[in-house]
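Chemist: Our numbering puts the first residue of the sequence shown at 65, with every later residue one more than the last.
Keep in mind the hints are simulated off the structure, nothing from the lab.
Note that the structure is predicted; figures quoted are calculated from it, not measured.
A portion of the hints provided could be inaccurate.
Calculated cross-link-like contacts (lysine-lysine; reagent style DSS-like; alpha-carbon spacing at most 27 angstroms) [said to hold, decoys possible]:
| no. | residue 1 | residue 2 |
| --- | --- | --- |
| 1 | Lys70 | Lys190 |
| 2 | Lys207 | Lys269 |
| 3 | Lys93 | Lys177 |
| 4 | Lys323 | Lys70 |
| 5 | Lys287 | Lys262 |
| 6 | Lys207 | Lys139 |
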Amino acid sequence: MKTATKNNFSDQTIRCLVKSHFPQAILSKIERIVGGTFNTVYLLEGSGLPDASIMLKTGPHRDVEVPKHEADNLKTEIYTYQLLENQNIQVPRIYAHDFSHSIIPHDFFFMEKISGKTWYEISPKKTPQLMYELGRQTAEMHKTKGSWFGTINDETDERFDTWSQAFQHKIETLLKEVEARGSTLPIAEIRHQIALRKDLLDEVKTPRLVNFDLWAGNVFLEKGSDWQISGLIDFERSFFGDPMASFVSALFLYDNVEKEPHFIQGYNQVSQELLVITEDDRERMWLYTLLFYLRAYVETERYQGLMKWGQKSFLSATLTFMTRALNRRWKKRLKARKDEK
């Protein structure tokens, strides 16, 4: 999909990037991968590379205006892969990365090519084995603890002592983007609903690694006797926070994690804490879903024409509905507490 952040480098430029990190490399194939809406990925083949086939991932030009939450996406992805190096989870190896902008005014890195195709492309039957393994690898990710809540990059001002501070910062960053462009979203009510749940958010005491983009397009499968997970990619939206947030971004994998017994079984096989979702967890997951759709709303700015209009209209209606639903849920919680007394 063509968007304002996508690149279209010449073969000569790509050969220059490759030579800067793999001087003996001779490329026989350069293929721009179709898909994604933010970064640009190329498949490279040839001799003198770390493997016969590797991937080059490039970020937008440094002068392209992007939402603040996306400014250091590639750094977040690299740092997250480094955190997962010693975990029993299938993520690509990173061969080299360059954030210096000394060769091109873009962040970029080279990584392992994951075999197979994405879950989204294949749309396989949700077998017990697949869901078990997805649960297991999700739990492996959640075993990684952070020293702070918030973003995984070099921005120390986005690291917080409490989950409510980190979450409110994420929401506020997005709302400021919305306000700057003008919008009919119920911005004041969104802020109010988040503020009401500050104490609820602060019940989360341990920052854990969250992949907030664990959807079917980022899960690779390959066929053996049955479909198996061959790798997970695109950890650029990761952060340290409530592990329950991972479950709301699983588009086209499952709708409700509580209705996925084989996922839960795989998760509990390796998790340091059994996956038991409480009513408070469900309330927090509503907030994470709001964050997910608010982020998507802000990101519609990179689209054009009918695509932009359609996405923005859908997300505006969804966010308005969710904000009203959060208000009703809060009133219901207050009434339940009053009735208990």
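Chemist: Taking the hints in turn, state whether each one holds.
Modeler: Evaluation of the provided hints:
no.	hint	result
1	Lys70 to Lys190	violated (33 angstroms)
2	Lys207 to Lys269	holds (14 angstroms)
3	Lys93 to Lys177	holds (14 angstroms)
4	Lys323 to Lys70	violated (38 angstroms)
5	Lys287 to Lys262	violated (46 angstroms)
6	Lys207 to Lys139	holds (21 angstroms)
Checked against the numbered hints above, the structure violates hints 1, 4 and 5; every other hint is satisfied.
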